[in-house]
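Listed below, chain by chain, are the residues.
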Amino acid sequence: MAHLVIGPLTRIFGHASLRVEAEEGISPRVRFSAFGYRGFEMMARGVHVDNLPPLVSRICGPDSLFHQAAACLVVEKALGVEVPPAARSMRELALWAQFFERHAVSLFVHGLPDLLFPSSDPGLRNLVSIYRVDEEVVRRLLSLKSLGTAVLRETGGPTVHGVNFRPGGVVRDLPVESRERLADRLRSGESLLLETARLVKLLLRRSEETVRRAGSIGGSFLAGHDPGGMGITGGSPALFTPGTEVVEPRPVEDLGERLREEPSTSGHVVYAGLEGTEGLTVGPLARVNVNGRYGTPRADEELSELKETWGFPVRYPMVAHALRMLEMLHAWERMLELLREPFRGTLGETLNPAAGKAGVYIEAPEGGLVYGVELGEKGLVEELSIVSPLQFNLRNLEKSLAEAFASVEKEGQERVSDVLHMVVRAYSPCVPCGVH
Amino acid sequence: MAEERSILLDEARCIGCRECVELCPQTGGTQFPVFERGERVPRVANPGSCLACLTCVEVCRSLALTVDGLRRWEGYVDPRAGNKEAAIY
Amino acid sequence: MDIALLSLSSCLGCQMVFLSLEEYLYELIGGNRVVYAPFLMDKKELHHADLALVEGTVRNTEHFLKAREIREKADRVVALGTCSCFGGVQGLADLYPESRLLRSRFGDTAFEGGPQGVRRLLPLDSFIRVDAYLPGCPPVPALLEGFLRSAVSGDRLSREGATVCAECKVTSPPLPQPGPRRLTEGSGEPGKCLLDSGFFCLGPLTRDGCGALCPSGMGVPCRGCRGPSGRVLERKGADVEGETVRRLARATGKKEEEIRAEVPDPAHTYYFFCLAEPLLRKRRSGGTSPYLHRLGE
Ligand code: SF4
Ligand code: SF4
Ligand code: SF4
Ligand code: SF4
Ligand code: SF4
Chain L
1 MAHLVIGPLT RIFGHASLRV EAEEGISPRV RFSAFGYRGF EMMARGVHVD NLPPLVSRIC
61 GPDSLFHQAA ACLVVEKALG VEVPPAARSM RELALWAQFF ERHAVSLFVH GLPDLLFPSS
121 DPGLRNLVSI YRVDEEVVRR LLSLKSLGTA VLRETGGPTV HGVNFRPGGV VRDLPVESRE
181 RLADRLRSGE SLLLETARLV KLLLRRSEET VRRAGSIGGS FLAGHDPGGM GITGGSPALF
241 TPGTEVVEPR PVEDLGERLR EEPSTSGHVV YAGLEGTEGL TVGPLARVNV NGRYGTPRAD
301 EELSELKETW GFPVRYPMVA HALRMLEMLH AWERMLELLR EPFRGTLGET LNPAAGKAGV
361 YIEAPEGGLV YGVELGEKGL VEELSIVSPL QFNLRNLEKS LAEAFASVEK EGQERVSDVL
421 HMVVRAYSPC VPCGVH
Chain H
437 MAEERSILLD EARCIGCREC VELCPQTGGT QFPVFERGER VPRVANPGSC LACLTCVEVC
497 RSLALTVDGL RRWEGYVDPR AGNKEAAIY
Chain D
526 MDIALLSLSS CLGCQMVFLS LEEYLYELIG GNRVVYAPFL MDKKELHHAD LALVEGTVRN
586 TEHFLKAREI REKADRVVAL GTCSCFGGVQ GLADLYPESR LLRSRFGDTA FEGGPQGVRR
646 LLPLDSFIRV DAYLPGCPPV PALLEGFLRS AVSGDRLSRE GATVCAECKV TSPPLPQPGP
706 RRLTEGSGEP GKCLLDSGFF CLGPLTRDGC GALCPSGMGV PCRGCRGPSG RVLERKGADV
766 EGETVRRLAR ATGKKEEEIR AEVPDPAHTY YFFCLAEPLL RKRRSGGTSP YLHRLGE
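Chains as they are written, first to last, in the numbering used here: chain L, 1 to 436; chain H, 437 to 525; chain D, 526 to 822.
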């Protein structure tokens with residue numbers, strides 16, 4: 001079998017390579033190969049729940065708060081603790097900030113340069129090279145990213161692996177002055193944000209050929225069912241299968257029973273799927289397809305235009321770039337709303353050690369993150385299980401890669417590598433989360 | 437008579453834990469204690485009683501004490517050392 | 526100056542801090558050449574770098590080969606972040622043999638052409654020579670900027686160390702205090718020393734440089750992300766666990782045994798970021814070897 005190895009992949013979150021298996025007469029197969037399992041589930045055994053969030057945080061820096069939040073939520077659910085509203089809002093604010101920041105990096109640092117300069121040498125399509133020819137563009141893009149970073153700094157201390165979340169609540173509230181300062185800062189980015197959204201929209205339309213080449217995805221979409229919140233603070237997911245026109249709620253317990261994991265022989269990312277469901281997708285496409293709207297005015301306005309251009313339900317993986325931009329808009333709107341809320345009252349509940357068992361589902365930037373935990377008699381972690389977005393998306397990612405490969409196969413190895421990289425970046429897989 | 441010792445207490449660093457006061461052999465139950473409890477931070481009352489045993493220097497978590505110019509070692513720059521402790525930023 | 530930035534086994538958090546350098550980032554990329562940085566750009570190969578910053582640690586043969594290649598091609602190699610300097614949080618994998626970890630996750634799956642795992646987790650300098658260390662999980666932007674400024678201007682890549690407490694703006698509360706306790710039981714009084722309030726704060730044993738971000742800024746105990754202080758690394762008698770227990774006993778008015786009895790997860794509580802650091806292993810008291818079960822395979 002003819003093998004072509006593309007990698008290590010660049011401008012993505014983490015280390016991976018592609019192995020293309022192509023032979024005359026049979027349809028090509030592309031495998032996404034990433035090694036580096038670190039053993040977080042085992043490391044969590046026997047820990048006091050207070051040590052769990054900082055531990056799982058180190059699975060992934062760019063998504064650190066989502067792991068922390070999932071860890072907190074699953075422990076709270078296992079112990080039957082209700083977190084006070086002030087703590088929930090505080091967490092949500094920090095999560096939107098990281099959501100915004102992660103999408104900004106995924107778009108501006110990884111994905112966008114391909115759409116900006118599709119015909120230049122791939123080696124030059126990056127912020128460092130762009131800076132040499134146009135300082136202003138790079139400054140503007142990164143200044144948008146820094147809006148998220150600023151909120152992260154004030155709400156969590158360190159901007160990566162923030163320290164404000166703890167099982168039972170949060171440690172610190174945000175004083176009124178900081179709220180006002182942050183709101184001003186966010187508002188100061190408004191026109192730039194809208195302008196950038198327009199740019200992404202145009203670039204994507206200009207790259208229609210590439211968008212179509214990366215194919216479309218079939219199967220079902222799984223996302224947090226929560227119009228207006230997108231499920232980033234936890235909740236019940238729902239399944240949407242285009243053609244059926246129904247959004248089926250899938251309570252976490254049900255999800256837990258149907259969740260199937262199957263190791264891949266080409267890497268440490270374990271395939272995850274739901275029994276009885278073909279080709280599952282999570283992430284920006286799934287969120288919009290399941291919920292149909294974002295729930296904030298700016299983002300929804302842009303969304304209706306996007307639906308006209310690309311159709312609805314959205315099936316093109318490359319359109320995820322545009323959806324990320326809309327989600328940034330939504331995150332920005334939500335952050336402003338949350339900053340206006342006066343958070344008063346208690347910030348946390350005292351946890352009493354006890355046995356318990358629970359599972360939770362939350363929306364991380366690239367899709368569903370599932371945590372399951374079993375606490376022993378003394379309230380220590382006995383078992384932890386983690387299923388991350390890349391695990392759900394792996395099959396579809398490989399399918400899209402195979403389709404894209406088939407369409408450029410004849411155009412030479414460089415072109416193949418270039419197009420496959422673009423497909424990977426459209427999925428924006430998080431490899432550290434995927435292997436964990 | 438021995439020359440008076442110099443005991444410097446960096447008030448900006450000191451958090452007032454008073455471990456130095458508790459552990460100084462020349463403070464508890466002596467007539468001329470080196471340290472007094474003080475207000476926010478301990479007060480150096482009788483430096484003359486100090487034996488320069490460096491117990492206080494060693495125990496101070498915030499490196500606030502210097503006795504006769506001696507401070508606690510926490511990995512200062514030593515270009516000749518070439519060891520891990522000296523190459524950390 | 527030609528700069529390379531790359532990661533081995535890591536969470537990418539340290540590289541994210543590069544993107545938070547704000548004005549200095551532009552100075553850095555405007556005045557130097559970034560010759561290799563897979564996270565940021567599409568350059569498949571490194572030819573030569575004056576300075577290579579390596580995030581993360583060696584987890585398998587692929588990482589090892591990469592580390593060796595970098596050592597050959599770079600004049601100065603910097604261990605970036607606590608994973609790289611001391612093994613970091615992922616060093617907790619040393620609690621179990623690698624084969625057990627892999628079995629627990631993948632069963633008997635036979636991987637096609639994958640790299641071999643390492644026998645145990647170690648900091649980068651156990652595999653290649655390292656010229657300078659910049660710990661922090663991740664290092665805060667100001668620290669990274671200070672470091673890069675020195676590196677680019679050819680200055681020494683070390684700074685005089687202190688402890689986190691030296692930067693901490695708290696005062697000690699009246700003793701005794703309740704505890705030992707954790708944040709899951711509620712926060713402490715703002716502005717008061719967390720250790721003396723009965724929390725597991727590692728400030729006294731941790732290297733300074735972050736501005737005591739967690740205790741001073743957030744009211745959260747320091748977990749030691751900047752790694753062991755110079756004294757803890759160098760002095761064989763320094764005992765992270767013992768010194769913390771002693772201070773907590775003092776703060777709470779309890780016996781040391783009572784404190785120890787309330788810590789079911791000592792490896793995570795005291796050596797969260799440095800379990801894999803060889804300098805802490807063999808000590809009469811406070812050594813990490815009782816927790817390392819990796820070599821019992
Ligand atoms: S030991 Fe240090 S911090 Fe504590 S009171 Fe004495 S000088 Fe201050
Ligand atoms: S050096 Fe010894 S005698 Fe002098 S003040 Fe410190 S503890 Fe007391
Ligand atoms: S040191 Fe911390 S932030 Fe840096 S790569 Fe390691 S876990 Fe991530
Ligand atoms: S709170 Fe922690 S870091 Fe601050 S002085 Fe107390 S022990 Fe040191
Ligand atoms: S206070 Fe401790 S845990 Fe927090 S950033 Fe500083 S060294 Fe790291």
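Source of the hints: derived by calculation from the structure; they are not laboratory data. Be a bit skeptical, because a hint or two may be false.
In silico DSBU-like pairs for lysine-lysine, Cα to Cα no more than 30 Å straight-line [claimed, not checked]:
1) L/Lys410 with L/Lys399
2) L/Lys399 with L/Lys201
3) L/Lys378 with D/Lys780
4) D/Lys717 with D/Lys779
5) D/Lys568 with L/Lys201
6) D/Lys694 with D/Lys717
7) D/Lys568 with D/Lys598
8) D/Lys568 with L/Lys410
9) L/Lys399 with D/Lys568
10) D/Lys807 with D/Lys780
11) D/Lys569 with D/Lys694
12) L/Lys201 with L/Lys77
13) L/Lys378 with D/Lys779
14) D/Lys569 with D/Lys591
15) L/Lys77 with L/Lys357
16) L/Lys307 with L/Lys399
17) D/Lys569 with L/Lys399
18) D/Lys569 with D/Lys598
19) D/Lys761 with D/Lys780
20) L/Lys378 with L/Lys77
21) L/Lys410 with D/Lys569
Every beta carbon over 10 Å from chain D, so not counted as near; a handful from chain L, in silico [said to hold, decoys possible]:
22) Arg125
23) Glu135
24) Gly157
25) Pro167
All figures in this text were calculated on a predicted structure; none of them were measured in a lab. Backbone N, C-alpha and C fix where the C-beta goes; we use that ideal spot for every residue, glycine too.
key: Hint numbers contradicted by this structure   = Numbers 11, 12, 22, 23, 24, 25 - these are the hints that the structure violates, sorted from lowest upward.
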